[in-house]
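Student: So the protein sequences, as listed, match chains A and B.
Count the first sequence with my numbering and you get residues 1 to 104, in order.
Count the second sequence with my numbering and you get residues 105 to 208, in order.
Among the hints, a few may not be true.
Said to hold, decoys possible - Which residues of chain A face chain B? A partial, calculated answer using Cβ under 8 Å:
hint : residue
1    : I3
2    : V6
3    : R26
4    : A28
5    : L41
6    : Y96
7    : V98
8    : E100
9    : D102
Said to hold, decoys possible - Straight-line alpha carbon distances no greater than 20 Å define the calculated SDA-like cross-link-like pairs of lysine to any residue that follow:
hint : chain 1 : residue 1 : chain 2 : residue 2
10   : A       : K20       : A       : V83
11   : B       : K113      : B       : Y180
12   : B       : K196      : A       : R91
13   : A       : K62       : B       : L160
14   : B       : K196      : B       : P137
15   : A       : K9        : B       : G197
16   : A       : K11       : A       : V98
17   : B       : K124      : A       : V98
18   : B       : K115      : B       : V187
19   : B       : K124      : B       : A205
20   : A       : K9        : A       : E24
21   : A       : K92       : B       : K113
22   : A       : K9        : A       : T97
23   : B       : K196      : A       : S43
24   : B       : K113      : A       : V4
25   : B       : K196      : A       : K62
26   : A       : K62       : B       : A205
27   : A       : K9        : B       : K196
28   : A       : K92       : B       : H199
29   : B       : K196      : A       : E54
30   : B       : K113      : A       : V99
31   : A       : K62       : A       : H75
32   : B       : K166      : A       : E45
33   : A       : K92       : B       : R195
34   : B       : K113      : A       : T97
35   : A       : K92       : B       : K166
These are computed hints drawn from the structure, not numbers from a lab.
We put the CB at the ideal spot given by N, CA and C, even for glycine.
Spelled out from the first residue to the last, the chains are:
2 protein chains.
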Amino acid sequence: MHIVCVTVKVKPGMGDDFLKAIQENRAATRHEPGNIRFDILLSAEAAGVDDPEEYLLFEVYKTREDFTAHQQTAHYLKFRDTVAEMMAEPRKGAHYTVVEADPL
Amino acid sequence: MHIVCVTVKVKPGMGDDFLKAIQENRAATRHEPGNIRFDILLSAEAAGVDDPEEYLLFEVYKTREDFTAHQQTAHYLKFRDTVAEMMAEPRKGAHYTVVEADPL
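All chains should be modelled from the sequences, with the hints used to inform the complete structure.
Tutor: Dropping the structure here:
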């Protein structure tokens, strides 16, 4: 099991466009054979009018290779290009393995 | 649904002690009526000998109030005190709501 947590800060005013793009990416990713889940979470703190919206993408793949394969899909590449100009700062990805968890 | 992601960096040499403490905390937390899941994840990157071990705790509660209640339980307070000296840096918690996800 390979987990990727991606933190995304979206420029003010671009939240709706980003949401559309990430939901489209999620829907396609969930059809990848190596993807187990793809949760779109919204920060419950960064809610100020002047603050960018902050998302956490909680992505689970069977293996690290399945994540690498995800990054080569047409839907991921389209997503990456579509949102490039919406980022308030570069996305941060962190990789994890499971120590102990409920079924993912 | 209220999600809390806690990033923990453990001092070198204290990984085993931390793991025991967090697993004990997880087991008790999973019996709280407001807790839905409590996943212990280990960074797949911070694996150098000189680096602290880095964990992500992915905790899901029915409501924010359930998380507040969690922080007042005996097992949480014991965990907090037990690991206080094991932290390489202060823990960072981030709160999220669900936009779109598989069942949590």
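Student: Could you run down the list of hints and mark each one as holding or not?
Tutor: Okay, the hints, checked on the actual structure:
1. I3: holds (6 Å)
2. V6: This hint is violated: V6 (chain A) lies away from chain B, its Cβ roughly 12 Å from the closest one there, beyond 8 Å.
3. R26: holds (6 Å)
4. A28: Violated, about 13 Å.
5. L41: holds (4 Å)
6. Y96: Constraint on Y96 (chain A) satisfied, holds at 4 Å.
7. V98: holds (6 Å)
8. E100: Hint on E100 (chain A): holds, closest Cβ of chain B at ~5 Å, below 8 Å.
9. D102: Holds: closest Cβ of chain B sits about 4 Å from D102 (chain A), inside 8 Å.
10. A:K20 x A:V83: With a Cα-Cα distance of about 10 Å, the restraint between K20 (chain A) and V83 (chain A) holds, given a limit of 20 Å.
11. B:K113 x B:Y180: holds (18 Å)
12. B:K196 x A:R91: Measuring from Cα to Cα gives roughly 18 Å; hence the hint holds.
13. A:K62 x B:L160: holds (18 Å)
14. B:K196 x B:P137: violated (25 Å)
15. A:K9 x B:G197: holds (17 Å)
16. A:K11 x A:V98: Violated, at about 32 Å.
17. B:K124 x A:V98: Given pair K124 (chain B), V98 (chain A) holds - Cα atoms ~15 Å apart, limit 20 Å.
18. B:K115 x B:V187: Holds, because 10 Å separates the two Cα atoms, which is no more than 20 Å.
19. B:K124 x B:A205: violated (30 Å)
20. A:K9 x A:E24: Holds - the C-alpha atoms of E24 (chain A) and K9 (chain A) are around 18 Å apart, at most 20 Å.
21. A:K92 x B:K113: Cα-Cα ~17 Å, so holds.
22. A:K9 x A:T97: violated (24 Å)
23. B:K196 x A:S43: Judged against 20 Å, a Cα distance of about 14 Å means the pair holds.
24. B:K113 x A:V4: Holds, at about 18 Å.
25. B:K196 x A:K62: violated (27 Å)
26. A:K62 x B:A205: holds (17 Å)
27. A:K9 x B:K196: holds (17 Å)
28. A:K92 x B:H199: OK: K92 (chain A) and H199 (chain B) at ~17 Å, within 20 Å.
29. B:K196 x A:E54: holds (16 Å)
30. B:K113 x A:V99: holds (15 Å)
31. A:K62 x A:H75: holds (19 Å)
32. B:K166 x A:E45: holds (17 Å)
33. A:K92 x B:R195: holds (18 Å)
34. B:K113 x A:T97: holds (15 Å)
35. A:K92 x B:K166: At roughly 27 Å apart (the allowed maximum being 20 Å), K166 (chain B) and K92 (chain A) break the hint.
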